[in-house]
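A.B. asks: First to last, the sequence lines map onto chains A and B.
Per our numbering, the first sequence starts with residue 4, numbered consecutively.
Per our numbering, the second sequence starts with residue 38, numbered consecutively.
Treat the hints as calculated values from the structure; they're not laboratory data.
Certain hints may be false.
To be verified - Pairs of lysine-lysine, DSS-like flavour, derived with a Cα cap of 27 Å:
1) A/LYS33 - B/LYS39
2) B/LYS39 - B/LYS180
3) A/LYS33 - A/LYS59
4) B/LYS39 - A/LYS46
5) B/LYS145 - B/LYS39
6) A/LYS33 - B/LYS210
7) B/LYS164 - B/LYS210
8) B/LYS180 - A/LYS33
9) B/LYS39 - B/LYS93
10) A/LYS28 - A/LYS46
11) A/LYS33 - B/LYS93
12) A/LYS46 - B/LYS263
13) A/LYS33 - B/LYS58
14) A/LYS59 - B/LYS164
15) B/LYS263 - B/LYS274
16) B/LYS60 - B/LYS281
17) A/LYS46 - B/LYS167
18) B/LYS163 - A/LYS46
19) B/LYS180 - A/LYS28
20) B/LYS280 - A/LYS46
21) A/LYS12 - B/LYS180
22) B/LYS180 - B/LYS163
23) B/LYS210 - B/LYS253
24) B/LYS60 - B/LYS164
25) B/LYS210 - B/LYS102
26) A/LYS51 - B/LYS164
27) B/LYS253 - B/LYS46
28) B/LYS210 - B/LYS93
29) A/LYS33 - B/LYS102
30) A/LYS33 - B/LYS263
31) B/LYS60 - B/LYS46
Below, each chain spelled out in residue letters.
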Amino acid sequence: MNIILNNTKEEIQDGTTVHQLLRYKNINNKYIAVEINRNVLPKSDHHKYVIQDGDKIEIITAIGGG
Amino acid sequence: MKRLIINNKEYDSRLILGTGKYKDFDETASSVEASGCEMVTVAIRRMNIGQDKKSKNLLDVISPKNYTILPNTAGCYTSEDAVRTCELAAELLSGEMLVKLEVLSDSKTLYPNVIETIKASEVLVKKGFKVMVYTTDDPIIAKELENIGCECIMPLGSAIGSGLGIINEYNIKEIIENATVPVIVDAGVGTASDACIAMELGCDGVLMNTAIACAKHPVLMASAMKNAVIAGRDAFKAGRITKKEIGTASSPVHGLVTDD
Numbered sequence: 004m005n006i007i008l009n010n011t012k013e014e015i016q017d018g019t020t021v022h023q024l025l026r027y028k029n030i031n032n033k034y035i036a037v038e039i040n041r042n043v044l045p046k047s048d049h050h051k052y053v054i055q056d057g058d059k060i061e062i063i064t065a066i067g068g069g
Numbered sequence: 038m039k040r041l042i043i044n045n046k047e048y049d050s051r052l053i054l055g056t057g058k059y060k061d062f063d064e065t066a067s068s069v070e071a072s073g074c075e076m077v078t079v080a081i082r083r084m085n086i087g088q089d090k091k092s093k094n095l096l097d098v099i100s101p102k103n104y105t106i107l108p109n110t111a112g113c114y115t116s117e118d119a120v121r122t123c124e125l126a127a128e129l130l131s132g133e134m135l136v137k138l139e140v141l142s143d144s145k146t147l148y149p150n151v152i153e154t155i156k157a158s159e160v161l162v163k164k165g166f167k168v169m170v171y172t173t174d175d176p177i178i179a180k181e182l183e184n185i186g187c188e189c190i191m192p193l194g195s196a197i198g199s200g201l202g203i204i205n206e207y208n209i210k211e212i213i214e215n216a217t218v219p220v221i222v223d224a225g226v227g228t229a230s231d232a233c234i235a236m237e238l239g240c241d242g243v244l245m246n247t248a249i250a251c252a253k254h255p256v257l258m259a260s261a262m263k264n265a266v267i268a269g270r271d272a273f274k275a276g277r278i279t280k281k282e283i284g285t286a287s288s289p290v291h292g293l294v295t296d297d
């Protein structure tokens, strides 16, 4: 199935959770936030949420800024 | 000595640092340390997916255990984008609700969009965010933002990254006199004397980034800013003399050996 991850098209396996996606992408930083279709997905739900076809997913972090 | 209180937390330092534009994380960390600050602001951005698993994140270097992390909405031009960014920031920082709200008008002037800033403040305050709001040096708008419930008012000294210093001292003074929440000058500081002037005017603090990060020697400038903020605050508390149009002798005028 196809998703948009950080504004880029991606193909992932059906049934993938957000937690699995983060592992697959080597993201082990604790200072991140995930948004699914413009709704923040709390960290406690990363295991539970099964990604749906067409989902727009944003993974954000803190960077240097003033 | 009265300390700066933001979101019920007391701070010894009245200097807040931005973390952008540094050469690398080492320089960021050294400058932050040299400045003596206890709060740093960070930007919220899409993660660079695919980077090395071992590559560090800013917050691994500037730990939330040691510093208050103030996420900002830099780069937002609408209230909706700013609110969305704040909600992501709160999730990122495990529910911390302190944010720096910054809604800009355009990428050329980087001037605050006051209308969108007010809209976003109203929404964020209702959602329980503690809003440190970047705005113009308009005293009426500053009071409006305070009335909405912002935690702290942050008028610009001059345009972001301009280094022009405090271009309207009278407005900043007026904002301070009217405010019952902390007033922190944000943006425009170019060198130590600018920070000192802000504090001499009675500001509760100063927020800066470019003046340190883009100095020839950022760590030394960070130290200079630390001293400037302390000096300015002390001078404000000490109370400056009244300006006079003509000179007043410092030495006694009587008892001169030349007196006949």
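A.B. asks: Now look at each hint and say whether the structure bears it out.
C.D. replies: Tested hints:
no.: 1; hint: A/LYS33 - B/LYS39; verdict: violated (36 Å)
no.: 2; hint: B/LYS39 - B/LYS180; verdict: holds (23 Å)
no.: 3; hint: A/LYS33 - A/LYS59; verdict: holds (21 Å)
no.: 4; hint: B/LYS39 - A/LYS46; verdict: violated (39 Å)
no.: 5; hint: B/LYS145 - B/LYS39; verdict: violated (39 Å)
no.: 6; hint: A/LYS33 - B/LYS210; verdict: violated (42 Å)
no.: 7; hint: B/LYS164 - B/LYS210; verdict: violated (31 Å)
no.: 8; hint: B/LYS180 - A/LYS33; verdict: violated (38 Å)
no.: 9; hint: B/LYS39 - B/LYS93; verdict: violated (37 Å)
no.: 10; hint: A/LYS28 - A/LYS46; verdict: holds (16 Å)
no.: 11; hint: A/LYS33 - B/LYS93; verdict: holds (11 Å)
no.: 12; hint: A/LYS46 - B/LYS263; verdict: violated (37 Å)
no.: 13; hint: A/LYS33 - B/LYS58; verdict: holds (24 Å)
no.: 14; hint: A/LYS59 - B/LYS164; verdict: holds (24 Å)
no.: 15; hint: B/LYS263 - B/LYS274; verdict: holds (17 Å)
no.: 16; hint: B/LYS60 - B/LYS281; verdict: violated (46 Å)
no.: 17; hint: A/LYS46 - B/LYS167; verdict: holds (22 Å)
no.: 18; hint: B/LYS163 - A/LYS46; verdict: holds (23 Å)
no.: 19; hint: B/LYS180 - A/LYS28; verdict: violated (47 Å)
no.: 20; hint: B/LYS280 - A/LYS46; verdict: violated (58 Å)
no.: 21; hint: A/LYS12 - B/LYS180; verdict: violated (46 Å)
no.: 22; hint: B/LYS180 - B/LYS163; verdict: holds (18 Å)
no.: 23; hint: B/LYS210 - B/LYS253; verdict: violated (31 Å)
no.: 24; hint: B/LYS60 - B/LYS164; verdict: violated (36 Å)
no.: 25; hint: B/LYS210 - B/LYS102; verdict: violated (35 Å)
no.: 26; hint: A/LYS51 - B/LYS164; verdict: holds (26 Å)
no.: 27; hint: B/LYS253 - B/LYS46; verdict: violated (33 Å)
no.: 28; hint: B/LYS210 - B/LYS93; verdict: violated (42 Å)
no.: 29; hint: A/LYS33 - B/LYS102; verdict: holds (14 Å)
no.: 30; hint: A/LYS33 - B/LYS263; verdict: violated (31 Å)
no.: 31; hint: B/LYS60 - B/LYS46; verdict: violated (31 Å)
Comparing the model with each numbered hint stated earlier shows that hints 1, 4, 5, 6, 7, 8, 9, 12, 16, 19, 20, 21, 23, 24, 25, 27, 28, 30, 31 do not hold.
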